[in-house]
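Residues per chain are reported as follows:
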Amino acid sequence: MRTMGKALGAVLMLAGLVLPAAAQDRLVIAGRDAGFAPALAKMVELYQAKNPNVKIERLELGGGPLYERLAVGAREKTAATDVAMLDDIWAPEFMARGWLTDLDTVGGLPGEFVKSAIDVSKHNGKLYAAPFVGNIAMFAYRKDLLAKHGFERPKTWSDVVKAAQTIQSKEEGVSGLVFRGIKGNPIVTSFLPVLWAHGGDVVSADGKAVLDSPAAEKALTQFLSFKALAPKGVETYNATELRDAIQQGRAAIAVEMWSSWAGTLDGSASKVAGQVEVVASPGEVKGPAPMLGAWLLGIPADSPNKARAADFIRFVTSPENQKLIALETGNPPTLAALFNDKDLVAKYRWYPAQLEALNVAQARPRISQWARVETILGDYLQLALIGQMQPKQALTEANAQIARALSR
Amino acid sequence: MTASRRLLPWLLLTPALLIFAGLTLYPLGRTLALSLFATDYGFENAKFVGLENFRELWDSRFFRQAVTNTVLFTVVSTVLEVAAGLGLALLLDRAFPGRTLIMTLLLAPFVLSTMVVTAIWRAWFHFDLGFLNNLLRTVGLPGVPWLFDPNLALWSIVLVDVWQTAPFAFLIIFAGLRLIPQDVYEAARVDGAGPWRRFRDMTLPLLAPYLFVAALLRSVDSFKLFDKVYAMTGGGPGQATETVSMFVYRQGFRFFDIGLASAAAVVMIAVAGLLAIVYAASLLKGAGR
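Protein sequence lines correspond, in order, to chains E and G.
Per numbering that gives the first Met the number 0, residue 0 is the first one in the first sequence, and the count goes up by one each step.
Per numbering that gives the first Met the number 0, residue 0 is the first one in the second sequence, and the count goes up by one each step.
Only chain E is shown next, with the shape it has when bound in the complex:
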């Protein structure tokens, strides 16, 4: 009995000595679900194979829950996440509040990234995140239908309306266009390229609310005219419904086509394979203003495993792995050279056009209150879309609310 007790004591002592040391070489990776998940899953699988002693935990979360986990974790200093996947619109808040690690303090980040994507990863000249997915809001149209009715690639949103009206009136069962009308982030991201093309904006460069402008009113009036050209129920459309409408041939134009969605356009589930052209968004009084929607990888400032996290991020953003991710999961790369890689262009014919769009991409306002501003704008846009508010009233009230949010 005494011998057994000693043996048990020795085991416990060893466990106490060995386990904590072993447990330190670990990584908790908090990333997105849906189409982004396979990319991180693949990288974890490969990294694990090369580093079998690292204990890796990967979390798949929706956009909202991911933001909550990261923001609450940063405020509470829970040290619960080592690698955080961040929407570029969250980055200003995370960087300004000191919630992320300066990557140059943990070995830096090699690679020639697309400029617009690296710009949103910096704050006060310091690099706090690595561009991971080079997502950008593109524009998609059925080249067969447009050509059939005598239209070329629309250069302006007014051209889009004309083409959509003609096709809708002449093609049975085909809506002229489709967009995401559900309130919140989707309707805002549908609207912003139109707003920017009209020369309007939500927040000025000096951080003031500027949505109550004549340009914004023109943009919103035009945006609301899209509804009559869209499938019934577009007010509830999100990504799935938009993709279905295009792939099933029920809509001729997609006002927005995120590059991470476009991977399935030529797939076996698509009834219009090879017929959808994906290009940069049209302009109007200004040139095209495609919206950047990059996803970044950062290391929370309270992570206990920064060196390991930095190593993982360098692994994921290496040219060979960025290419692998794009080929296998359709998530676009962030390294500029890959958009002209022959294997990638063979699979995704729009990649050169996407690089052009990325080079002129416009990021959403770099303010830490963007989540709130976007929600306010989304609420009022939808009230206008369902006819419960006139465009001018919606913009005036939204602008007042946004000004209030910015003053906090």
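Hints in this document: simulated from the structure, not taken from any laboratory.
Please note that a few of the clues may not be correct.
What the hints assert, rightly or not - Distance condition first, Cα-Cα at most 27 Å in a straight line; then the derived BS3-like pairs of lysine-lysine:
{"hint": "1", "chain 1": "E", "residue 1": "K76", "chain 2": "G", "residue 2": "K46"}
{"hint": "2", "chain 1": "E", "residue 1": "K346", "chain 2": "E", "residue 2": "K142"}
{"hint": "3", "chain 1": "E", "residue 1": "K76", "chain 2": "E", "residue 2": "K54"}
{"hint": "4", "chain 1": "E", "residue 1": "K207", "chain 2": "G", "residue 2": "K46"}
{"hint": "5", "chain 1": "E", "residue 1": "K142", "chain 2": "E", "residue 2": "K125"}
{"hint": "6", "chain 1": "E", "residue 1": "K285", "chain 2": "E", "residue 2": "K41"}
None of these values were measured; they are calculated from a predicted model.
Given the coordinates of chain E, work out where chain G should sit on it, guided by the hints.
Relative to the frame of chain E, chain G by itself:
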């Protein structure tokens, strides 16, 4: 009575009281306190603003709409669920072939997770491809804009809630129905009471406590409505399905405007508390205490 005997009940109650204080009173008190501050998290860097957060709520058209929607949803869904539960209980109170199978099928929606239920109904509600509109079109009727008509969306969510949780009301009422002695009905029959009279004067009064419990539990649950709205409409179209829970969630976890979220939560607690007092008073009155 010795001092130790007097102390014994308190001693036995202490663990429960401590848990109640830790899990209920402390969060309530903290929420109430935070509602008086402008803060983006806790009390650190918080600024005392008195009743300013409540004034902001009062001024907010979105909050007023959320309160209206929540109250409407609670009242209508509770009435419909208890009525449906009562109807089903009366139907299934008599023996007939296949009764067990029907009861099992009836209970199925209640055991499904809300996320599964909302996924099913979101597909059924689809304007072009949904099962419901296809059904209507096969009989020559036009499709219904279930989720995108601002005048209809809230009632569509009521329909989903009734489908999922009426079986819960049914279970409570059915249990009560089975406990009513049959000789009461036999005596009534002997006295010449018809089916309607027996239902109105005997079944309903004897079932009243069960109907009350079903209504209490369903209304409290309905008042917290969040998940169905979050998954089906996100509060839209416009503000047509926004609820107080959604408002609190958004202010608290999306914007980290903890003061305003706490103020909204206090309003919610006050309304729910009022509801509970009405129910409790009625229950105690019914019990003759």
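(request) Could you tell me which of the numbered hints above are not met by this structure, giving the numbers in increasing order? (result) Violated hints (numbers, rising): 5, 6; every other hint is consistent with the structure.
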